[in-house]
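My request is simple: use the sequences and hints to build the entire structure.
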Amino acid sequence: MSKSEGIITLTPDKLCLGMYVVLPTGWLDHPFLLNQFLVKSDSQLKKLKNCDLNTINVDLNQSKLPANWGRETTDLPHPQDPKGPEDPKDSDELPDWNPETLIPDELLEALHDSKMEPKARSQAVYSHSRGLMTRLLESPTAENLKASKKVIGSITALILSDDQTASNMLRITSHDFYTYTHSVNVGVTSIMLAKALFGGSDAHDMHELGAGFFLHDIGKVNIRADVINKPGKLSDDEMRHMRTHPYKGYKMLEKSGQLSEESRIIILQHHERADGQGYPKQLQDREIHIYGKICCIADVFDALTAERSYKKAMTPFEALVLMKEKMADHFDKKMFAEFVNLMR
Amino acid sequence: MRYQCDICDYVYDPLVGCVEEGIAAGTLWEEIPEDWVCPECGAPMSLFSPE
Numbered sequence: 000m001s002k003s004e005g006i007i008t009l010t011p012d013k014l015c016l017g018m019y020v021v022l023p024t025g026w027l028d029h030p031f032l033l034n035q036f037l038v039k040s041d042s043q044l045k046k047l048k049n050c051d052l053n054t055i056n057v058d059l060n061q062s063k064l065p066a067n068w069g070r071e072t073t074d075l076p077h078p079q080d081p082k083g084p085e086d087p088k089d090s091d092e093l094p095d096w097n098p099e100t101l102i103p104d105e106l107l108e109a110l111h112d113s114k115m116e117p118k119a120r121s122q123a124v125y126s127h128s129r130g131l132m133t134r135l136l137e138s139p140t141a142e143n144l145k146a147s148k149k150v151i152g153s154i155t156a157l158i159l160s161d162d163q164t165a166s167n168m169l170r171i172t173s174h175d176f177y178t179y180t181h182s183v184n185v186g187v188t189s190i191m192l193a194k195a196l197f198g199g200s201d202a203h204d205m206h207e208l209g210a211g212f213f214l215h216d217i218g219k220v221n222i223r224a225d226v227i228n229k230p231g232k233l234s235d236d237e238m239r240h241m242r243t244h245p246y247k248g249y250k251m252l253e254k255s256g257q258l259s260e261e262s263r264i265i266i267l268q269h270h271e272r273a274d275g276q277g278y279p280k281q282l283q284d285r286e287i288h289i290y291g292k293i294c295c296i297a298d299v300f301d302a303l304t305a306e307r308s309y310k311k312a313m314t315p316f317e318a319l320v321l322m323k324e325k326m327a328d329h330f331d332k333k334m335f336a337e338f339v340n341l342m343r
Numbered sequence: 000m001r002y003q004c005d006i007c008d009y010v011y012d013p014l015v016g017c018v019e020e021g022i023a024a025g026t027l028w029e030e031i032p033e034d035w036v037c038p039e040c041g042a043p044m045s046l047f048s049p050e
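Protein chains in written order, with numbering that gives the first Met the number 0: chain A, 0 to 343; chain B, 0 to 50.
Keep in mind the hints are simulated off the structure, nothing from the lab.
Fair warning: there could be bad hints in the mix.
[To be verified] In silico contact screen, one side only, chain B against chain A (beta carbon under 8 Å); selected entries:
| id | residue |
| --- | --- |
| 1 | D5 |
| 2 | I6 |
| 3 | C7 |
| 4 | E30 |
| 5 | C40 |
| 6 | S48 |
The structure displayed is predicted, hence computed values, not measured ones.
Don't be surprised by glycine CBs; every beta carbon is placed ideally from N, CA and C.
In structure tokens:
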């Protein structure tokens, strides 16, 4: 079979895992780093289906499809096989990510390619960091936490060393309601705020901190699905349960042995407020660690600018005004002033 | 009545007690010494809610 004979054209809904897709357009017309690649995850599939392409070419020679693939779509139906090929996305089971498969190749590529144009690089790092967080939230094992901590270290280093890429990342943040998007947004924003506050001081281990910021909501994997996915307002009891996520995340990272105590404090304290009205421990201002305070500001800002089923997204400006006028008591004043400065 | 920790979700069930902390099965919430803390996360009794 010659190469051109191996290429078929499908509508996006016919795509499945293991296909080697060849996208018909340039980089800017789709959210992927490469124009051709093997589809390895459900998030890639979902993105392909959402990127407004009417048809997508698939190179069968480079695809890794199960032997029975295509019998139903290209030949007459097989009476022996009434169910047809199993579509991985129909399965209820979560994929089992491991340190080998967890990190999207495109993320590593963008992190290592210092010659990449800053706008493209920030887009790639941002979108594939979300891919990483999606996988980690699906399989938050100790070894996966360890592998992600390493790559979050590289993301942190990039944000610290390359101002242009970092501010591009702030500008392109999405505002959907997914925990993985929120994790990356709060991670990036908190690192920027820490950088603004600490300057070049080496008193802070920024790599540990970066991991704490990205993983601040990891405890949500232990919150019941009916509470996490509830579209409306939570009942008192559901809210009580939801508010256990900081402690659960803190404990989870303690057990995994992957983060320093200082960095784990971020996870435990990111909902504490300077006026003592936060949770879980209702700490007073002076009892809250500066790292927890940084994450709290970034967390509230991202929650306000994100769209939810029960509310529209605010613009960054509206969110800052609301935080200043209605929530000033929640935050450390000096830190909030620095945050406003950063967002200008 | 069972009580649940607001910080970590630990449940105190009077039928079970909390033997490792010296609270025998059958001890009602009201009978637990005031300085008892959550065996899972150390939260004081004031941070428990009736389940």
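Status of each hint after checking the structure:
The restraint placing D5 of chain B at the interface with chain A holds, with a minimum CB-CB distance near 6 Å, inside the 8 Å limit. This hint holds: I6 of chain B has a C-beta 4 Å from the nearest C-beta of chain A, less than the 8 Å allowed. The beta carbon of C7 of chain B is positioned within 8 Å of a beta carbon in chain A (closest approach about 5 Å), and the interface hint is therefore held. The restraint placing E30 of chain B at the interface with chain A is violated, with a minimum CB-CB distance near 24 Å, outside the 8 Å limit.
Look at C40 of chain B: its Cβ gets to within about 6 Å of chain A, closer than 8 Å, so that hint holds up. Given hint, S48 of chain B at the interface with chain A, holds; its Cβ is 6 Å from that chain's nearest Cβ, closer than 8 Å.
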